[in-house]
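S.K.: Counting in the numbering used here, the final residue of the sequence shown is number 345, and the numbers go up one at a time with none missing.
Read the hints as simulated data drawn from the structure, not as lab findings.
Fair warning: this is a prediction, and the values are worked out from it, not measured in the lab.
Just so it is clear, CB atoms sit at the ideal spot from N, CA and C, and this is done for glycine as well.
It is possible that some hints are incorrect.
[Said to hold, decoys possible] FRET-style restraints, in silico, Cβ to Cβ:
1. Ile287 - Ser324: 40 to 50 Å
2. Gln283 - Ala330: 25 to 35 Å
3. Arg282 - Leu328: 25 to 35 Å
4. Gly307 - Ser333: 36 to 46 Å
5. Val310 - Gly289: 40 to 50 Å
6. Ile287 - Leu328: 30 to 40 Å
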Amino acid sequence: MRQLWAIVGRETGAFFKSAMAPVVLAGFLVAIGLFFANFLFGYSEMSLAALQSPRSGNFMNLAEG
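Can you build the whole structure from these sequences, using the hints too?
M.R.: What follows is the structure, encoded as structure tokens:
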């Protein structure tokens, strides 16, 4: 098991010293940003629809979705 962690550590260090790490990190951040924006705009539309509804007694909550 110790040999496995030595290999993992060596490969991880080599990855972050290469030029590929910023590309992977940028792709990850773009994907997470798109997911967050999609969630935010979807919640905004649902919230606006709930406010315009005649039965707006059921208030939306982030925990309930």
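S.K.: In this structure, is the beta-carbon distance linking Ile287 and Ser324 contained in 40 to 50 Å?
M.R.: holds, 47 Å
S.K.: Does 25 to 35 Å hold as the CB distance between Arg282 and Leu328, or does it fail?
M.R.: violated, 57 Å
S.K.: Using the beta carbons of Gly307 and Ser333, state whether their distance is inside 36 to 46 Å or not.
M.R.: holds, 39 Å
S.K.: Please check whether Gln283 and Ala330 have a Cβ separation lying inside 25 to 35 Å.
M.R.: violated, 57 Å
S.K.: Is the gap between the beta carbons of Val310 and Gly289 within 40 to 50 Å?
M.R.: Violated, at about 28 Å.
S.K.: Is 30 to 40 Å right for how far apart the beta carbons of Ile287 and Leu328 are?
M.R.: violated, 53 Å
Checked against the numbered hints above, the structure breaks hints 2, 3, 5 and 6 and satisfies the rest.
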